[in-house]
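**Student:** Residue numbers (the working numbering), protein chains in the order written: chain L, 1 to 128; chain B, 129 to 256.
Treat the hints as calculated values from the structure; they're not laboratory data. Hints may be right or wrong, so weigh each one.
Unchecked claim - Calculated pairs, SDA-like style, for lysine to any residue (alpha carbon to alpha carbon, straight line, at most 20 Å):
id	chain 1	residue 1	chain 2	residue 2
1	B	K166	L	K3
2	B	K241	L	K3
3	B	K166	B	M176
4	B	K166	L	E64
5	B	K226	L	K113
6	L	K3	B	K212
7	L	K38	B	K226
8	B	K241	L	G65
9	L	K111	L	L17
10	L	K38	L	S117
11	B	K239	B	G165
12	L	K95	L	G51
13	B	K239	B	R204
14	B	K131	L	P71
15	B	K166	L	R76
16	L	K38	B	E229
17	L	K113	B	M176
18	B	K212	B	L177
19	L	K98	L	K38
20	L	K3	B	K239
21	B	K131	B	N242
22	L	K98	L	E54
Said to hold, decoys possible - Reference excerpt, derived from the structure (chain L facing chain B, CB under 8 Å, subset only):
id	residue
23	D69
24	F72
25	A74
26	L88
27	G122
To be verified - Quick partial rundown of chain L residues pointing at chain B, CB under 10 Å, derived from the structure:
id	residue
28	N102
29	V103
30	H116
31	E125
For clarity, every value in this text was computed on a predicted model and none was experimentally measured. All C-beta atoms, glycine included, are put in the ideal place defined by N, C-alpha and C.
2 protein chains.
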Amino acid sequence: MNKQELVVAYRAYLDCLNRQDWANLGLFVHDAATHNGKLIGLAGYLQMLEGDFEAIPDLHFTIEGVISDPPFIASRLRFDCCPKGLFLGLPVNGKRVKFMENVFYEYADGKIKNVHSIVDKGMIEAQL
Amino acid sequence: MNKQELVVAYRAYLDCLNRQDWANLGLFVHDAATHNGKLIGLAGYLQMLEGDFEAIPDLHFTIEGVISDPPFIASRLRFDCCPKGLFLGLPVNGKRVKFMENVFYEYADGKIKNVHSIVDKGMIEAQL
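Whole structure, please, built from the sequences with the hints as guidance.
**Tutor:** Have a look at this one:
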């Protein structure tokens with residue numbers, strides 16, 4: 001994929017997440033996906049996302065900016081949502097919080113293979 | 129700057145930080161620099177870095193990966209250091225900790241203008 005195709009594929013992936021269209025997650029995520037250095041595979045990736053939506057029923061991924069340099073893409077994601085209970089170990093308990101995630105992806109075989117993500121925990125703490 | 133020139137300029141910026149060569153910081157950082165949405169300027173940027181090295185005497189910036197898409201560059205930075213006291217509100221107190229920072233930069237006029245940074249606070253907490 002060239003630079004623009006990678007952005008298009010990445011936006012389609014986030015649309016898939018926002019629709020919770022788990023039947024099609026395998027179109028975007030590699031069977032041997034890793035997350036922060038840990039091999040979780042497609043099944044583990046799905047489990048992680050299902051857990052995220054269970055913990056945050058109104059979860060929605062919004063792109064603040066992307067940087068595309070195939071096979072890598074980096075994204076600043078913005079969230080505005082109400083995590084139900086503990087989130088990242090913090091007692092959010094349904095309060096509405098806004099926070100950012102800076103995340104790097106490496107694609108292989110046209111799919112997301114390696115993800116390195118950091119959520120801004122301090123930004124959430126400051127709102128509690 | 130093209131993609132490769134941007135990477136070279138960025139590496140030179142980190143070398144400047146690692147040398148604590150504050151006299152030359154203005155070669156790399158814009159007079160109107162912002163950090164996480166706040167206008168701090170070159171003077172504020174210098175003050176922030178001096179504070180970082182005061183809090184972490186053995187601070188060293190190591191690149192784990194960069195994604196270049198002019199005028200943007202994103203970097204995964206790795207740290208292995210001993211913050212003296214409180215760090216990000218955490219009582220590190222000289223313990224050696226390893227952590228990552230995912231950071232996005234926008235260049236203007238050949239210099240770093242807008243920075244969006246997230247340090248992995250949870251990764252540090254897990255080591256305390």
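**Student:** Hint by hint, work out which the structure violates, then give me just those numbers in ascending order.
**Tutor:** Violated: hints 1, 2, 5, 6, 17, 19, 20.
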